[in-house]
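*Asks:* Each chain, letter by letter, is given below.
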Amino acid sequence: MAKGPVFLERRTYRLRRMMDAVKLLPLLGFALWMVPLIWPLPDPADQTSADPMPMSMALLYLFGVWVFLVFMGWLLWRRTAGKMGASGTASSLSSRPDEQG
Amino acid sequence: MLALHQLVIVCLAYVIFLFVVAFLADRAALRGQGAALLRSPLVYTLSLSIYCTGWTFYGAVGYAARSGLEYLTIYLGPSLVMIGWWWVLRRLVSIGRSQRVTSIADLISSRYGKSNVLAIVVTLMAVIGVTPYIALQLQSVVLSISIFAVPEAGGTPNGAGFNMTQAAFWVAAGLALFTVLFGTRKLNVNERHHGIVIAVAVEAVVKLVALLAVGVFVVWGLAGGVGDTLARIDASAIGAWEVQGSRWAALTMLSAAAFLCLPRMFQVMVVENDDERYLQIASWAFPAYLMLISLFVVPIAVVGLDLLPAGSNPDLFVVSLPLSQNQNGLAMLSFLGGFSSATSMVIVATLALSTMVSNHIVMPVWLALWQGGATQSGDVRNVVIRARRLSILIIMTFGFLYYRASGGGGTLAAIGTISFGGVAQFLPALMGGIFWRGATRLGALWGLGTGFAIWFFTMLLPSFGVDAALSRDIFEQGLMGLGWLRPQALFGIEGLDPTVHAVFWSLSLNALAFLVVSLLTFPDPIERLQGAQFVNVLDQPSASRGWTASVAGSEDLMIMAQRILGAREAQAFFEAQARAQNIPGQLPEPSPAFVQALERELAASVGAATAHAMVSQIVGGTSVSVQDLLAVADESAQMLEHSSQLEQKSRELSETAAQLRLANEKLTQLSLQKDAFLSQISHELRTPMTSIRSFSEILRDAARLSAADKTRYASIIHSETIRLTRLLDDLLDLSVLENGQVSLHFGQGNLQDVLQRAVTTATAGMAGSLKVQIAPMAQDVLLNTDLDRLVQVFINLITNAQKYCLSEAPELTIAARMQRDGLAIEFVDNGQGIAVDEQAVIFEKFYRVSGAQGDGAGLGLAICQEIMLRLGGRITYLPNRAGTAFEVFLPGSVLARHDAEVALSPAS
Numbered sequence: 000m001a002k003g004p005v006f007l008e009r010r011t012y013r014l015r016r017m018m019d020a021v022k023l024l025p026l027l028g029f030a031l032w033m034v035p036l037i038w039p040l041p042d043p044a045d046q047t048s049a050d051p052m053p054m055s056m057a058l059l060y061l062f063g064v065w066v067f068l069v070f071m072g073w074l075l076w077r078r079t080a081g082k083m084g085a086s087g088t089a090s091s092l093s094s095r096p097d098e099q100g
Numbered sequence: 000m001l002a003l004h005q006l007v008i009v010c011l012a013y014v015i016f017l018f019v020v021a022f023l024a025d026r027a028a029l030r031g032q033g034a035a036l037l038r039s040p041l042v043y044t045l046s047l048s049i050y051c052t053g054w055t056f057y058g059a060v061g062y063a064a065r066s067g068l069e070y071l072t073i074y075l076g077p078s079l080v081m082i083g084w085w086w087v088l089r090r091l092v093s094i095g096r097s098q099r100v101t102s103i104a105d106l107i108s109s110r111y112g113k114s115n116v117l118a119i120v121v122t123l124m125a126v127i128g129v130t131p132y133i134a135l136q137l138q139s140v141v142l143s144i145s146i147f148a149v150p151e152a153g154g155t156p157n158g159a160g161f162n163m164t165q166a167a168f169w170v171a172a173g174l175a176l177f178t179v180l181f182g183t184r185k186l187n188v189n190e191r192h193h194g195i196v197i198a199v200a201v202e203a204v205v206k207l208v209a210l211l212a213v214g215v216f217v218v219w220g221l222a223g224g225v226g227d228t229l230a231r232i233d234a235s236a237i238g239a240w241e242v243q244g245s246r247w248a249a250l251t252m253l254s255a256a257a258f259l260c261l262p263r264m265f266q267v268m269v270v271e272n273d274d275e276r277y278l279q280i281a282s283w284a285f286p287a288y289l290m291l292i293s294l295f296v297v298p299i300a301v302v303g304l305d306l307l308p309a310g311s312n313p314d315l316f317v318v319s320l321p322l323s324q325n326q327n328g329l330a331m332l333s334f335l336g337g338f339s340s341a342t343s344m345v346i347v348a349t350l351a352l353s354t355m356v357s358n359h360i361v362m363p364v365w366l367a368l369w370q371g372g373a374t375q376s377g378d379v380r381n382v383v384i385r386a387r388r389l390s391i392l393i394i395m396t397f398g399f400l401y402y403r404a405s406g407g408g409g410t411l412a413a414i415g416t417i418s419f420g421g422v423a424q425f426l427p428a429l430m431g432g433i434f435w436r437g438a439t440r441l442g443a444l445w446g447l448g449t450g451f452a453i454w455f456f457t458m459l460l461p462s463f464g465v466d467a468a469l470s471r472d473i474f475e476q477g478l479m480g481l482g483w484l485r486p487q488a489l490f491g492i493e494g495l496d497p498t499v500h501a502v503f504w505s506l507s508l509n510a511l512a513f514l515v516v517s518l519l520t521f522p523d524p525i526e527r528l529q530g531a532q533f534v535n536v537l538d539q540p541s542a543s544r545g546w547t548a549s550v551a552g553s554e555d556l557m558i559m560a561q562r563i564l565g566a567r568e569a570q571a572f573f574e575a576q577a578r579a580q581n582i583p584g585q586l587p588e589p590s591p592a593f594v595q596a597l598e599r600e601l602a603a604s605v606g607a608a609t610a611h612a613m614v615s616q617i618v619g620g621t622s623v624s625v626q627d628l629l630a631v632a633d634e635s636a637q638m639l640e641h642s643s644q645l646e647q648k649s650r651e652l653s654e655t656a657a658q659l660r661l662a663n664e665k666l667t668q669l670s671l672q673k674d675a676f677l678s679q680i681s682h683e684l685r686t687p688m689t690s691i692r693s694f695s696e697i698l699r700d701a702a703r704l705s706a707a708d709k710t711r712y713a714s715i716i717h718s719e720t721i722r723l724t725r726l727l728d729d730l731l732d733l734s735v736l737e738n739g740q741v742s743l744h745f746g747q748g749n750l751q752d753v754l755q756r757a758v759t760t761a762t763a764g765m766a767g768s769l770k771v772q773i774a775p776m777a778q779d780v781l782l783n784t785d786l787d788r789l790v791q792v793f794i795n796l797i798t799n800a801q802k803y804c805l806s807e808a809p810e811l812t813i814a815a816r817m818q819r820d821g822l823a824i825e826f827v828d829n830g831q832g833i834a835v836d837e838q839a840v841i842f843e844k845f846y847r848v849s850g851a852q853g854d855g856a857g858l859g860l861a862i863c864q865e866i867m868l869r870l871g872g873r874i875t876y877l878p879n880r881a882g883t884a885f886e887v888f889l890p891g892s893v894l895a896r897h898d899a900e901v902a903l904s905p906a907s
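Sequences listed follow chains A and B, in order. Using numbering that gives the first Met the number 0, the letters of the first sequence correspond one by one to residues 0 to 100. Using numbering that gives the first Met the number 0, the letters of the second sequence correspond one by one to residues 0 to 907.
If you're looking for bench data, these hints aren't it; they were derived computationally from the structure. Beta carbons: idealized from backbone N, C-alpha and C, even for Gly. You may find that some hints are simply not true.
Claimed, not checked - Computed list of chain A residues with no C-beta within reach of chain B, every gap over 12 Å:
(1) Glu8
(2) Arg9
(3) Thr11
(4) Tyr12
(5) Arg13
(6) Lys22
Stated by the list, open to error - Which bits of chain A does chain B cover? Going by a derived footprint, with three or more residues having C-beta under 8 Å, they are:
(7) 23 to 37
(8) 64 to 72
All chains should be built: construct the whole structure from the sequences, respecting the hints.
*Replies:* If you want it as structure tokens, here you go:
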């Protein structure tokens, strides 16, 4: 395990949570972009099925997610860039104990 | 309407413009100017946009027109990879920088123990996998040209007077020429080719602007605004969401995998990366670029479907739509955008591939065939350039052949997915390599082989169409009639979409083979070390790998640089460096900065790994590769073994020498003994002979001799001859005994009787006053041996006592006693004994105790010893007794059988 203090000062703590967000963002993006999997498909055999998702809605949703992800990426970059290298926490952040095998 | 020749002129002008841009960028980089622009995150992001090829530019619209929003998957995957930069790309870029990889083949082979086999496999797979992609670029360019060629035919590409195959050939030739000129103008291989990167960035801007311009024109010019456009979309043929879930997920993942594995993406993303921090900027900037470039695809498709006549090729809406509205300028811009997409992709892809081909296939073969050739000046350089150019031509030829074979009929999107499926096969080996230390070379080979074979059978071959590469029988009955080997229904599972089917089976079986074989095999040392370095790359401090070149000889560096760069260029480079160090006219000092610069210069010619190895050879020290270390270790182990062998040999030799010395000493001693023996013999013989001669002369010459004198003299002669005879008898006896030729006459007798006989014989006729006492024995002891010889020994001992015991009342006591292992008979007299220093030699031949009177020849005890040896016993002198004491020992075996039990119980 990476040795260090148990509690961190507020700024370092925030930085670490920002990095957590950076790591989690692609998972969020994947989840959001896989939402179309649960949209109903038009079934030519069954006329009574639910109305298929209109193209414009699908378009707006997918591009909306895209813009959101880009914006979040930009925001996180503004918050974390530079500080990582300067505070020297990059190595402690990136050292993952499960890789020591 | 634009004429074809106008189009060609515009294309040429555009190419020349790119040339100038590239040239200026190269020159600026050489002068160290404009670094802020050349190495900016903006340029890095834009260079990533070679992901968007002619497929994106033309194919996406066609894709959307046919399958709705499915086209987006091709961009969602890469966006996710970029947004998730922290997980994979950061690692890849770190590894790329610390290991100085030149291509994805280099990375994989380097991870798995620098295996050249693996590098060749990956290279071949990459060439085969990317070939459809290059064909796709040819097709997109040819299609777009065909629109301009036959405007009257309403945009259909089958108009008269335009030969598609011929056009494809000329486009391929032009692109090949362009790439050869552009990519190998200088021997600039892996390190920052600023010219190309800048040109690619410019092209990225051109294609984005072109597509956005067409999009804006369509939305606001033709459709009448955003709201109207959305309404029109909903009303169109693709107005509802109808993408199959399996395809949506599979294609997203496939494009993500391909984004990581495509050789050209690897080139710009990892190899050309200047600064790891750019990665985070690109992590949002590149998805933004992808978003923008795919933003207007659906509107263009929908409006194209609306406005253009039915049967128009939707792949060409981007050009044909403005053309149909008589927007020639916009059409030309759009055409240039597509042209940019295709050319930039082809340039970077062929560059990346040709680097792989020349580094992993041509160079090893060349070095193996012309051994020692690399030592000639300039050779390496020419060979590398030629290998690259040849590789480019070969790759382009493959692309063209694929285009011809596939008939140019396939839709752009389908061809692109095939290519993606091929390169995605690298994914398990790549991910396993950077995350899992247990991944082994054999595992990677098996995984790659399995995945590639399945891809080849289920995706590439079927792409030529039924009855082209695979017969209808194989499609319906399976390979060799095996039902579970149908290319679109492996293992009998039907109903899957062919693409999903191929991607699922190839990647899952690939990963399975990779994992299982890795678990079962054991990596060699280099593999394990490389594995540890790759997996733990982020834990190591990312210090710059500068040289501490204190010992590097500038002259050596100069010689090496001339070999690779050419004499003139090397001299110019060294002069410039010397000027920079303020010592013009001399060789530059081998400072770390200078060596680093030189290594970069060399890396541009022969690849980073080779350059690094070459510099490290001369500079020595800082960065020794694992292989070097192992080689050194091997060598020293061999030397150790060698020296230990030598040591053993020398030990054996010295042992032999000691033995020889010993033998020599013995021989010398023997020789001395022989000499002494001879002189003793002659002495012993001469003494009686002298007296015999003198007395016989007296008898002959003296005239008057009294009868008494005569008798006296004759008896002296007689006694002397007796003595001679006895001496000769003894000698004969001894030599017989020593040579082992004696024959023993075994007989039985009582010890008491034997002793009595000896005493009687020895004392008979002797005037001596020796008193012999035989100690009484508890029982009779029966002997079974050569009794005569034994008696001889006893007589000798008794006679010796008679001769040499100088006591006033000489007395000899003979005592026999049983021992655990035999019978010991002691002969002890009451004389003064034998001096300690003489005790060791009394058994030697001719030895006589000093000061002894008597007429013995000194052979008696020697004979006794020999006899006892023959009888299986021994005779020893007993020191520390009052007088002279000898012990005759007879082993238990000579004791007669019926006394055995008595003999074994010690008698007192």
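*Asks:* Say whether it holds or is violated: glutamate 8/A keeps its Cβ farther than 12 Å from all Cβ of chain B.
*Replies:* Non-interface label stands for glutamate 8/A: nearest chain B Cβ at 23 Å, farther than 12 Å.
*Asks:* Can we trust that threonine 11/A is non-interface, i.e. its beta-carbon lies farther than 12 Å from all of chain B?
*Replies:* holds, 18 Å
*Asks:* Report holds if the minimum CB distance from lysine 22/A to chain B is greater than 12 Å, and violated otherwise.
*Replies:* The claim is violated: lysine 22/A sits with its nearest Cβ about 5 Å from chain B, within 12 Å.
*Asks:* Determine whether the non-interface label on tyrosine 12/A survives the test: each CB of chain B must be over 12 Å from its CB.
*Replies:* Tyrosine 12/A clear of chain B: closest Cβ-Cβ about 18 Å, beyond 12 Å.
*Asks:* Should the label of arginine 13/A as a non-interface residue stand, given a Cβ cut-off of 12 Å to chain B?
*Replies:* holds, 17 Å
*Asks:* Count the residues of the region 23 to 37 of chain A whose CB lies closer than 8 Å to any CB of chain B, then report whether that count reaches three.
*Replies:* holds (count 9)
*Asks:* Would the non-interface assignment of arginine 9/A survive a Cβ cutoff of 12 Å against chain B?
*Replies:* Holds: least Cβ distance 23 Å, greater than 12 Å.
*Asks:* Under 8 Å between beta-carbons, do enough residues of the region 64 to 72 of chain A, three at least, approach chain B for the coverage claim to hold?
*Replies:* holds (count 7)
In the structure shown, a violation is registered for the earlier hint numbered 6 alone.
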